[in-house]
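**Q** So the sequences go chain by chain: A and B.
Quick note on UniProt numbering: the first sequence kicks off at 1 and runs consecutively.
Quick note on UniProt numbering: the second sequence kicks off at 1 and runs consecutively.
Since the hints were made in silico from the structure, they are not lab data.
Under the rule of at most 25 Å between Cα atoms (straight-line distance), these lysine-lysine pairs were calculated in the BS3-like manner:
(1) B:Lys132 to B:Lys294
(2) B:Lys303 to B:Lys132
(3) A:Lys304 to A:Lys132
(4) B:Lys156 to A:Lys384
(5) B:Lys294 to B:Lys304
(6) A:Lys132 to A:Lys294
(7) A:Lys294 to A:Lys304
(8) B:Lys356 to A:Lys356
(9) A:Lys156 to B:Lys384
(10) A:Lys384 to B:Lys157
(11) B:Lys384 to A:Lys157
What the simulated footprint calls covered on chain B by chain A, stretch by stretch (three residues with Cβ under 8 Å from a Cβ of chain A suffice, anywhere in the stretch; the number is not a length):
(12) 29-41
(13) 189-199
(14) 231-239
(15) 369-375
From the three backbone atoms N, C-alpha and C, an ideal C-beta is built for every residue, glycine too.
What follows is the residue order along each chain.
Protein chains: 2
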Amino acid sequence: MAACELESLEEALEAHLPEAELREVRRLLFGRDTEKLDLPASAVEAAHERHFELKGCRFDAAQEQLRPPRRVRVGLIQHRIVLPTDAPVLEQVTAMHNRVAEMAEVAATCGVNILCFQETWPMPFAFCTREKEPWTEFAESAEDGITTRFCQELAKKYNMVIISPILERDELRSTLWNTAVIISNSGNVLGKSRKNHIPRIGDFNESTYYMEGNTGHAVFQTQFGRVAVNICYGRHHPLNWFLYSLNGAEIIFNPSATVGALSEPMWPIEARNAAIANHCFTCAINRVGTEHFKSEFTSGDGKKAHHDFGHFYGSSYVAAPDGSRTPGLSRTRDGLLVVEMDLNLNRQISDRWSFKMTGRYEEYAEELADAVRPDFQPHVVREKI
Amino acid sequence: MAACELESLEEALEAHLPEAELREVRRLLFGRDTEKLDLPASAVEAAHERHFELKGCRFDAAQEQLRPPRRVRVGLIQHRIVLPTDAPVLEQVTAMHNRVAEMAEVAATCGVNILCFQETWPMPFAFCTREKEPWTEFAESAEDGITTRFCQELAKKYNMVIISPILERDELRSTLWNTAVIISNSGNVLGKSRKNHIPRIGDFNESTYYMEGNTGHAVFQTQFGRVAVNICYGRHHPLNWFLYSLNGAEIIFNPSATVGALSEPMWPIEARNAAIANHCFTCAINRVGTEHFKSEFTSGDGKKAHHDFGHFYGSSYVAAPDGSRTPGLSRTRDGLLVVEMDLNLNRQISDRWSFKMTGRYEEYAEELADAVRPDFQPHVVREKI
Numbered sequence: 001m002a003a004c005e006l007e008s009l010e011e012a013l014e015a016h017l018p019e020a021e022l023r024e025v026r027r028l029l030f031g032r033d034t035e036k037l038d039l040p041a042s043a044v045e046a047a048h049e050r051h052f053e054l055k056g057c058r059f060d061a062a063q064e065q066l067r068p069p070r071r072v073r074v075g076l077i078q079h080r081i082v083l084p085t086d087a088p089v090l091e092q093v094t095a096m097h098n099r100v101a102e103m104a105e106v107a108a109t110c111g112v113n114i115l116c117f118q119e120t121w122p123m124p125f126a127f128c129t130r131e132k133e134p135w136t137e138f139a140e141s142a143e144d145g146i147t148t149r150f151c152q153e154l155a156k157k158y159n160m161v162i163i164s165p166i167l168e169r170d171e172l173r174s175t176l177w178n179t180a181v182i183i184s185n186s187g188n189v190l191g192k193s194r195k196n197h198i199p200r201i202g203d204f205n206e207s208t209y210y211m212e213g214n215t216g217h218a219v220f221q222t223q224f225g226r227v228a229v230n231i232c233y234g235r236h237h238p239l240n241w242f243l244y245s246l247n248g249a250e251i252i253f254n255p256s257a258t259v260g261a262l263s264e265p266m267w268p269i270e271a272r273n274a275a276i277a278n279h280c281f282t283c284a285i286n287r288v289g290t291e292h293f294k295s296e297f298t299s300g301d302g303k304k305a306h307h308d309f310g311h312f313y314g315s316s317y318v319a320a321p322d323g324s325r326t327p328g329l330s331r332t333r334d335g336l337l338v339v340e341m342d343l344n345l346n347r348q349i350s351d352r353w354s355f356k357m358t359g360r361y362e363e364y365a366e367e368l369a370d371a372v373r374p375d376f377q378p379h380v381v382r383e384k385i
Numbered sequence: 001m002a003a004c005e006l007e008s009l010e011e012a013l014e015a016h017l018p019e020a021e022l023r024e025v026r027r028l029l030f031g032r033d034t035e036k037l038d039l040p041a042s043a044v045e046a047a048h049e050r051h052f053e054l055k056g057c058r059f060d061a062a063q064e065q066l067r068p069p070r071r072v073r074v075g076l077i078q079h080r081i082v083l084p085t086d087a088p089v090l091e092q093v094t095a096m097h098n099r100v101a102e103m104a105e106v107a108a109t110c111g112v113n114i115l116c117f118q119e120t121w122p123m124p125f126a127f128c129t130r131e132k133e134p135w136t137e138f139a140e141s142a143e144d145g146i147t148t149r150f151c152q153e154l155a156k157k158y159n160m161v162i163i164s165p166i167l168e169r170d171e172l173r174s175t176l177w178n179t180a181v182i183i184s185n186s187g188n189v190l191g192k193s194r195k196n197h198i199p200r201i202g203d204f205n206e207s208t209y210y211m212e213g214n215t216g217h218a219v220f221q222t223q224f225g226r227v228a229v230n231i232c233y234g235r236h237h238p239l240n241w242f243l244y245s246l247n248g249a250e251i252i253f254n255p256s257a258t259v260g261a262l263s264e265p266m267w268p269i270e271a272r273n274a275a276i277a278n279h280c281f282t283c284a285i286n287r288v289g290t291e292h293f294k295s296e297f298t299s300g301d302g303k304k305a306h307h308d309f310g311h312f313y314g315s316s317y318v319a320a321p322d323g324s325r326t327p328g329l330s331r332t333r334d335g336l337l338v339v340e341m342d343l344n345l346n347r348q349i350s351d352r353w354s355f356k357m358t359g360r361y362e363e364y365a366e367e368l369a370d371a372v373r374p375d376f377q378p379h380v381v382r383e384k385i
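If we strip away everything but chain A, and leave its shape as in the complex, we get:
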């Protein structure tokens, strides 16, 4: 069975396990069952016509006496590129805008309040090529590029917060960044969050194109809750999630682009661990499909040059602070995951488990300050002989 053939883990389990065992296996793998979220028939129909998967899930929280529920609907969109990678740049971008527009419309029908797209969503993930042209032409201003303007329209039209990860061109500084633009439901650009950790691995030659972000761990207060964006490779860095959380993030989005054998078994682990450790919701989004490039390129692995670098396996999901998670979207198809969450769950789980209260952060601050000194002496105990 080729790696891209399995539609989803959950479907494979459901197809073969007897009911009683399936229930236990799901509990062990995914935690407390998420409820299915009923979505409007018109949305289901539109998704079917537009050839994308539509899934709805709900995380409940207990009713409190002093706080009303704070129910928010989050939408995650994963999609493949629309045109071939050698089509004119503007045509590629426009085709992607159109595709996402028809998916966002369905999200609106589903009552989504915050919608997040995948990493550098209006372009192919072309950094494997190490060519600067034409890929740097996809870079645009976070404040008034065509993609930001497109998202502002969506945000206003649907009264949605939009998180739009793009390749950013910073004209003043003559710099490219990998950036998520956060657009308020008013249509205003609320701010931006740049990718903090840049991979240097295999086909992810991103350090050729942009540097580590300089926006720290900003959190954005929206009408629907406080959100932060940990872009792609930052999901491997527990401190990155943690600092967003320390700044008050209730939902941390992780727009990504990742392929293959090495990262796929890590995919269900890292964002979920972050939700558990930080008493918050995390949303992991990955693109789908295989992207072909005209010029061949090598992958730093001694193998022959080729024209694609593997299958982006989708599988976008949401993890909750109680360790439960939604099923993943398909490994092969475009999809929209709509998740209703009651943000009160974060504090409820924090009060129960108290990971932060027991975190001893003062001592870690000291130990870490010590560890980064060039003359750091690790604490190693040796046998006296």
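Given the coordinates of chain A, assemble chain B onto it according to the supplied hints.
**A** Using the frame of chain A, we list chain B on its own:
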């Protein structure tokens, strides 16, 4: 199906999934397949006669030019208590010593170099009762208590490093600690590592008995590699794993005692995430069985008083830095997991993924120092209206 009836997740999958799908599901869930480790027939037979599960796995690494392989065999023992919890203290401890001795002998036959037991292994996990007597009588000196002396004999006899998590009595300071004693294969006590994070949740009333540890993040240089011990609840704290790793740990053990619906879905996530994020091996060990106590107790959940607090689900496993993991031991039976690992894998994966090199720890040290100040202002961006 009651929570304790499923023998193991892996067996349920193997029993029902067709071969091709099973292979893909296993890859998605567990990463690269671990090889089966061939164990001596005499060990297999002894385990059978002594009624415990014996499993062997192997993690390989690539052959390097300048470093020979550094193959180490690690053994994890999970077991239930032997006598009822109201038997005389010394009889309970002795019965547990005898049980572990017969399991350790099999570990020796399997060539184990480093053997680790579960949290507070010579006693029932009685902290749910909140009674001080007789449970504090199980506390003993880390340096020369009967359990340490027992382990020193094992260590010398079998040329093994032994990690022995106990309830420690610190006579000088009139304090109890939850402590792992690290005993060199020479038989000498190499040192001790105290539990850094103490739970205050449900039946885990441990803060009633002992305080947060004061041994920091010591790492122990043994003949077979550098080891550290992150006890139980510390697995929920990514910074705890991280600091052990920053001090050079190649294998981090996580002896635990945990039950039930809330923690079981987290169990496969946290130690494995730590192995990935820190480029090291992690070993998660949990006791098995249900422990009954004579006096009834409540669990702070509004429910009626009862005599046990649920099923310890075992499921001990080892995770590797490449995101792969061994199958878990049984959810219900005593067991010994023997894992051969080539420690060279840590640096190989670090060179490939570079999470630490890209970690930007200097900036985190500053941010964390700032965040622990009482006048900390979180970085929250608000819309200007």
